[in-house]
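Chemist: The primary structure of each chain is shown beneath.
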Amino acid sequence: MKRSRLPAFITFGVILFLFAPLVVLVVNSFNASRFGGEWEGFTWNWYVKLWAAGEVWESLWITLKIAFSASLAAMALGTLAAYSLHRFRSWLQTVHHMLITLPLVMPDILMGMSLLALFVLSGIETGLLTIWIAHVTFCLSFVTMVVLGRLQDFDFTLLDAARDLGATQAKAVKKVLLPLLLPGVLAGGLLAFTLSIDDYVITFFVSGPGTTTLPLRVASMMKTSRSLPMINALSALLIASTFIFAALSSRLQRRA
Amino acid sequence: MSTETRPVRQWLLTLPSLTWLAVFFVIPAILVIITAFRPTDLQGGVGAGWTMATLREVQDPAYLPILWRTLWLSGATTLICLALALPVAFQMARVGPHMRQVLLLLVVIPFLSNFLIRIFAWKSLLHPEGPLTKLLIGLHLIPENAVLLNHVGTVLLVLVYTQLPFAILPLYAAAEKFDFGLLDAARDLGAGPWRAFFKVFVPGVLRGLISASVMVFVCCLGQYVIPQMVGGTSDEMLGSKIAQRVFSDRNLPHASALAGGLMLAVLVPMLLVVLWQQFGRKEAE
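Chains as they are written, first to last, in the working numbering: chain A, 14 to 269; chain B, 2 to 286.
The shape of chain A in the complex, shown without the other chains (with noise of 0.2 angstroms):
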């Protein structure tokens, strides 16, 4: 039988539709006309004013230490979160598969809103700590959603036959479920990295003085339009990093 096309064809144009404005973007990095209406030929000025703006690669810093020490909690939180909601079964898993299910729906503005009710009534000031505590929060359930994907995906039984030759519970897990688990959750890992770094509106909410991440200094720079053509370039930059993320996350999905 004859297969429609029409899928194929629509397909084709969603990508193209995805891809277009970025792949415009990346052209005008390196663009000499500011505006990128016209090509006026190739330049790499807009790297070099990029490199030498201090406080770009300042807010860098600060995101990919909030990004590092926020995946990293929330690798190990969202582990143990999906290994017990794999594990068990009972009236305390459905609320906990549930709290762990809302955030993911959740609209960020809600999220940043209530954790800057959250830090405005309890007292205590917005800075480095707060974003952290809000980018925990919303990585958490991207965590363990993906480790429960590998989970379901896990022998069990070789959990026994490591028992019956004799190893503890802490070293069968240690020994047998650890290692096979930790593709997943390095992708899982992976996934909250990015997702820090990306995160605007949420870091906005509880952000405070001296605490512009990435994305807070790049909305400041989208109002000043002298700096436009610098955003070109910091977007190819970040584009460019998210294709070898996506690449590298994609790969450590696949191999286990």
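Source of the hints: derived by calculation from the structure; they are not laboratory data. Hints may be right or wrong, so weigh each one.
Said to hold, decoys possible - Mimicking DSBU-like on lysine-lysine, the simulated pairs with C-alpha atoms at most 35 angstroms apart in a straight line are:
1) K124(B) with K135(B)
2) K178(B) with K187(A)
3) K78(A) with K124(B)
4) K187(A) with K62(A)
5) K236(A) with K124(B)
6) K188(A) with K78(A)
7) K200(B) with K178(B)
8) K62(A) with K184(A)
9) K62(A) with K178(B)
10) K236(A) with K78(A)
11) K78(A) with K62(A)
12) K236(A) with K135(B)
13) K78(A) with K187(A)
14) K62(A) with K135(B)
15) K188(A) with K135(B)
Based on these hints, arrange chain B on the given structure of chain A.
Modeler: For chain B alone, coordinates are given in the frame of chain A:
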């Protein structure tokens, strides 16, 4: 699979994430609702005592058009995203494993790219001096002085652009498990391609369809960055008002009343969907 029953172990393993979410997710959500009943203080904080005044302020009819715009933009975005994501998910599930990985990566990359940068990309594309505007004017598709930015249509376009991967991914997850032999069976029994698609494939991925719709619709309801960056002054959404009350007016109770209303509107249906999925999970075992 043996289910462990020792309660102490279960509690020990569950407690870290459960506590974290209770303190930083549940309690803050409750605090937002409580703050809506508190007076403001002059420093932009929250005063002592209780008041119903904020709740009365929020019933201002000026909010109605904003609420309506938020709802129809979110609804339209959801419909457009589903219409595009269904065939994409269908296609992704039908191709070979290698091509599938490639397509998945292609969908995930824009999804993982920085949210602001994706909006910025459209902003520069649609800029009066930008490439798309020049191209369309060059092709005489739009008048010489047309402005593509700062329009409610632009908001819709960028909403669809940012939300599309959220619709494709859950639909693809469902389509991957779909038995395509059923489609061939339907075709063999005389159904046309459209009929087979809508009567067999679409019901087959219903769970993914519902997750995708909820995901997209709910994400749109809370948007404020997109209308702020590519919309005009008359294209505000509910989220814009919440952000305005927090950052410009420093009126936390008023923002909380709006956010609290939105939160109830989002969480109650979500709880129902999650419960329904839990029920499905138990049934499937």
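Chemist: Work down the list of hints and note, for each, if the structure agrees.
Modeler: Hint check:
1. K124(B) with K135(B): holds (14 angstroms)
2. K178(B) with K187(A): Cα-Cα ~33 angstroms, so holds.
3. K78(A) with K124(B): holds (30 angstroms)
4. K187(A) with K62(A): violated (49 angstroms)
5. K236(A) with K124(B): Roughly 12 angstroms separates the two Cα atoms, so the pair holds.
6. K188(A) with K78(A): Between K188(A) and K78(A) the Cα gap is close to 30 angstroms, so the pair holds against 35 angstroms.
7. K200(B) with K178(B): holds (17 angstroms)
8. K62(A) with K184(A): Not OK: K62(A) and K184(A) at ~54 angstroms, beyond 35 angstroms, violated.
9. K62(A) with K178(B): The given pair, whose Cα atoms are some 49 angstroms apart, is violated under the 35 angstroms limit.
10. K236(A) with K78(A): Holds, at roughly 26 angstroms.
11. K78(A) with K62(A): holds (24 angstroms)
12. K236(A) with K135(B): OK: K236(A) and K135(B) at ~23 angstroms, within 35 angstroms.
13. K78(A) with K187(A): With Cα atoms ~28 angstroms apart, K78(A) and K187(A) stay inside 35 angstroms; holds.
14. K62(A) with K135(B): holds (27 angstroms)
15. K188(A) with K135(B): violated (62 angstroms)
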